[in-house]
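Top to bottom, those sequences are chains F and G.
Read in order, the letters of the first sequence are residues 1 to 237 in my numbering.
Read in order, the letters of the second sequence are residues 1 to 237 in my numbering.
Heads up, a few of these hints could be off.
[Said to hold, decoys possible] Computed cross-link-like contacts, SDA-like style, restricted to lysine to any residue with a CA-CA straight-line distance of at most 25 Å:
#1 G:Lys113 - F:Val52
#2 G:Lys42 - F:Pro219
#3 G:Lys177 - G:Thr200
#4 F:Lys113 - F:Ala186
#5 F:Lys34 - F:Ser22
#6 F:Lys104 - F:Leu35
#7 F:Lys42 - G:Gly197
#8 F:Lys177 - G:Gly198
#9 G:Lys113 - F:Arg93
#10 G:Lys104 - G:Leu35
#11 F:Lys177 - G:Tyr202
#12 F:Lys42 - G:Ile107
#13 F:Lys152 - F:Thr208
#14 F:Lys104 - F:Lys34
#15 F:Lys113 - G:Gly197
#16 F:Lys89 - F:Val52
#17 F:Lys89 - G:Gly198
#18 G:Lys89 - F:Arg87
#19 F:Lys113 - G:Leu35
#20 F:Lys34 - G:Ser72
#21 F:Lys89 - F:Asn110
#22 G:Lys113 - F:Cys30
#23 F:Lys116 - F:Lys42
#24 G:Lys89 - F:Asp160
#25 F:Lys34 - G:Arg24
#26 F:Lys89 - G:Val224
#27 G:Lys89 - F:Arg24
#28 G:Lys113 - G:Pro76
#29 F:Lys42 - G:Glu164
#30 F:Lys104 - F:Lys177
#31 F:Lys113 - F:Thr208
#32 F:Lys116 - F:Asp160
#33 G:Lys113 - G:Arg24
#34 F:Lys89 - G:Arg92
#35 F:Lys34 - F:Ala186
#36 F:Lys177 - G:Ser72
#37 G:Lys206 - G:Glu164
#38 G:Lys206 - G:Leu237
#39 G:Lys177 - F:Leu35
#40 G:Lys34 - G:Lys89
Keep in mind the hints are simulated off the structure, nothing from the lab.
There are 2 protein chains.
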Amino acid sequence: MNLLLLAPEEISDRSTARLLRSDRRAVHICQVLKLQPGDNLKVGVIGGNMGVARYEVASPDSLTFSLVLDQSPPPPLDLTLIVGLPRPKTMRRVIQSIAALGVKDLILLNTYKVEKSYWQSPWLQAETLHEQCLLGLEQAMDTAVPRIRQFKLFKPFVEDTLPEVLHHRSGWFAHPKAEHGIPSDAERLVLAIGPEGGFTPYEVGKLTEAGMQGFHLGPRILRVETVIPSLVGRLFL
Amino acid sequence: MNLLLLAPEEISDRSTARLLRSDRRAVHICQVLKLQPGDNLKVGVIGGNMGVARYEVASPDSLTFSLVLDQSPPPPLDLTLIVGLPRPKTMRRVIQSIAALGVKDLILLNTYKVEKSYWQSPWLQAETLHEQCLLGLEQAMDTAVPRIRQFKLFKPFVEDTLPEVLHHRSGWFAHPKAEHGIPSDAERLVLAIGPEGGFTPYEVGKLTEAGMQGFHLGPRILRVETVIPSLVGRLFL
Chain F
1 MNLLLLAPEE ISDRSTARLL RSDRRAVHIC QVLKLQPGDN LKVGVIGGNM
51 GVARYEVASP DSLTFSLVLD QSPPPPLDLT LIVGLPRPKT MRRVIQSIAA
101 LGVKDLILLN TYKVEKSYWQ SPWLQAETLH EQCLLGLEQA MDTAVPRIRQ
151 FKLFKPFVED TLPEVLHHRS GWFAHPKAEH GIPSDAERLV LAIGPEGGFT
201 PYEVGKLTEA GMQGFHLGPR ILRVETVIPS LVGRLFL
Chain G
1 MNLLLLAPEE ISDRSTARLL RSDRRAVHIC QVLKLQPGDN LKVGVIGGNM
51 GVARYEVASP DSLTFSLVLD QSPPPPLDLT LIVGLPRPKT MRRVIQSIAA
101 LGVKDLILLN TYKVEKSYWQ SPWLQAETLH EQCLLGLEQA MDTAVPRIRQ
151 FKLFKPFVED TLPEVLHHRS GWFAHPKAEH GIPSDAERLV LAIGPEGGFT
201 PYEVGKLTEA GMQGFHLGPR ILRVETVIPS LVGRLFL
């Protein structure tokens, strides 16, 4: 936790916040960061500014902070990321990592090679996804929560939603057999990454029909949790 | 497992390999890939060539393959990566991911902010590290096992070993306060990434004294398991 991330409703009079001692963030501040009254830490408001929180008062049941919120969060990536739904055991890490990397628009998509049971994962509940995003933002020091959408049907997504996603944007899907390398332009980008095993020829056809182009990542086949930071690093770092 | 990776001693007459049915790879071939005699799969020899294995014979206790090994593995990255020893629970993923990304020279380093207990991790045993490397290579389709060295003392490493590591190479360490951005040249590179919390001022001084330069990664603070693929993507993809 490099940033104390507060919900707007946790702030009173625009400059004071109080955390119960049982709150996860308060526990971290006391037990890991070992801060004392008088110490400062970085703070941010979900969806808003960042700045400095001064730890003012420690009472038996809470910690009180005074806030100066005068800094903008880092700029968002100009990217919509479409990902074949990852295995449940990697979901937590994938969500935290996309939030940390600055991805603000994520689409979790069903494809032929996504195991149907993955859609039952408790990690897909809105509240859980939101929590994982907050952990990523606290790590990276950012306040803007990614929008995450889930599409459980490939064809209706590609036919009805994708055209709108691609509007005035350049769309690319990762495909080992594509001839084109990684796109060089990092503006107004839509990137689609298949599940393990990739997109089927039918899916490649549908994505192409919708106006997307294939690109390959070189000779190595990387897991989705490695591909995402590699591509973001390649395009946006 | 996208590649059946064999040890040289598992190959007889340069073109035949037999796996016991209890072998992890044989289980994967039968139960996940669901291959049958007559099917082909990608194969590689540790430290050697890649090619095609034809699944020839299934006996009650083993599978036999005939091999054509006429392809080179993907080119290695021209990079020595120095990493502050990661938390044990991320070690497995970090090792698999560096192997998958094509890093061939990894140095695990103690620094002030590495918890001393991390050095007790069973993940640091040579055999375990080797196994995790093989999993990464099987995923990425590569055969060259990374060299992994461990240095438990920062000062002797920097004074006695680092000069040799940096010989005719360009050395950089990640540091949020550095003014320089990510190096643009991906040749003969040495990159050092600190542990959570980064390098101390003393460590920054020692690395600088040894001839390395600091670089920053932008406004976001990323975990080591996210930084590594991001940087490799930025520099080598």
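Here's how the hints hold up against the structure:
no.: 1; hint: G:Lys113 - F:Val52; in the structure: 24 Å, holds
no.: 2; hint: G:Lys42 - F:Pro219; in the structure: 13 Å, holds
no.: 3; hint: G:Lys177 - G:Thr200; in the structure: 11 Å, holds
no.: 4; hint: F:Lys113 - F:Ala186; in the structure: 28 Å, violated
no.: 5; hint: F:Lys34 - F:Ser22; in the structure: 15 Å, holds
no.: 6; hint: F:Lys104 - F:Leu35; in the structure: 31 Å, violated
no.: 7; hint: F:Lys42 - G:Gly197; in the structure: 14 Å, holds
no.: 8; hint: F:Lys177 - G:Gly198; in the structure: 40 Å, violated
no.: 9; hint: G:Lys113 - F:Arg93; in the structure: 23 Å, holds
no.: 10; hint: G:Lys104 - G:Leu35; in the structure: 31 Å, violated
no.: 11; hint: F:Lys177 - G:Tyr202; in the structure: 49 Å, violated
no.: 12; hint: F:Lys42 - G:Ile107; in the structure: 32 Å, violated
no.: 13; hint: F:Lys152 - F:Thr208; in the structure: 20 Å, holds
no.: 14; hint: F:Lys104 - F:Lys34; in the structure: 32 Å, violated
no.: 15; hint: F:Lys113 - G:Gly197; in the structure: 39 Å, violated
no.: 16; hint: F:Lys89 - F:Val52; in the structure: 35 Å, violated
no.: 17; hint: F:Lys89 - G:Gly198; in the structure: 28 Å, violated
no.: 18; hint: G:Lys89 - F:Arg87; in the structure: 19 Å, holds
no.: 19; hint: F:Lys113 - G:Leu35; in the structure: 17 Å, holds
no.: 20; hint: F:Lys34 - G:Ser72; in the structure: 53 Å, violated
no.: 21; hint: F:Lys89 - F:Asn110; in the structure: 17 Å, holds
no.: 22; hint: G:Lys113 - F:Cys30; in the structure: 19 Å, holds
no.: 23; hint: F:Lys116 - F:Lys42; in the structure: 41 Å, violated
no.: 24; hint: G:Lys89 - F:Asp160; in the structure: 42 Å, violated
no.: 25; hint: F:Lys34 - G:Arg24; in the structure: 45 Å, violated
no.: 26; hint: F:Lys89 - G:Val224; in the structure: 19 Å, holds
no.: 27; hint: G:Lys89 - F:Arg24; in the structure: 21 Å, holds
no.: 28; hint: G:Lys113 - G:Pro76; in the structure: 30 Å, violated
no.: 29; hint: F:Lys42 - G:Glu164; in the structure: 40 Å, violated
no.: 30; hint: F:Lys104 - F:Lys177; in the structure: 28 Å, violated
no.: 31; hint: F:Lys113 - F:Thr208; in the structure: 18 Å, holds
no.: 32; hint: F:Lys116 - F:Asp160; in the structure: 22 Å, holds
no.: 33; hint: G:Lys113 - G:Arg24; in the structure: 37 Å, violated
no.: 34; hint: F:Lys89 - G:Arg92; in the structure: 14 Å, holds
no.: 35; hint: F:Lys34 - F:Ala186; in the structure: 40 Å, violated
no.: 36; hint: F:Lys177 - G:Ser72; in the structure: 18 Å, holds
no.: 37; hint: G:Lys206 - G:Glu164; in the structure: 15 Å, holds
no.: 38; hint: G:Lys206 - G:Leu237; in the structure: 31 Å, violated
no.: 39; hint: G:Lys177 - F:Leu35; in the structure: 22 Å, holds
no.: 40; hint: G:Lys34 - G:Lys89; in the structure: 31 Å, violated
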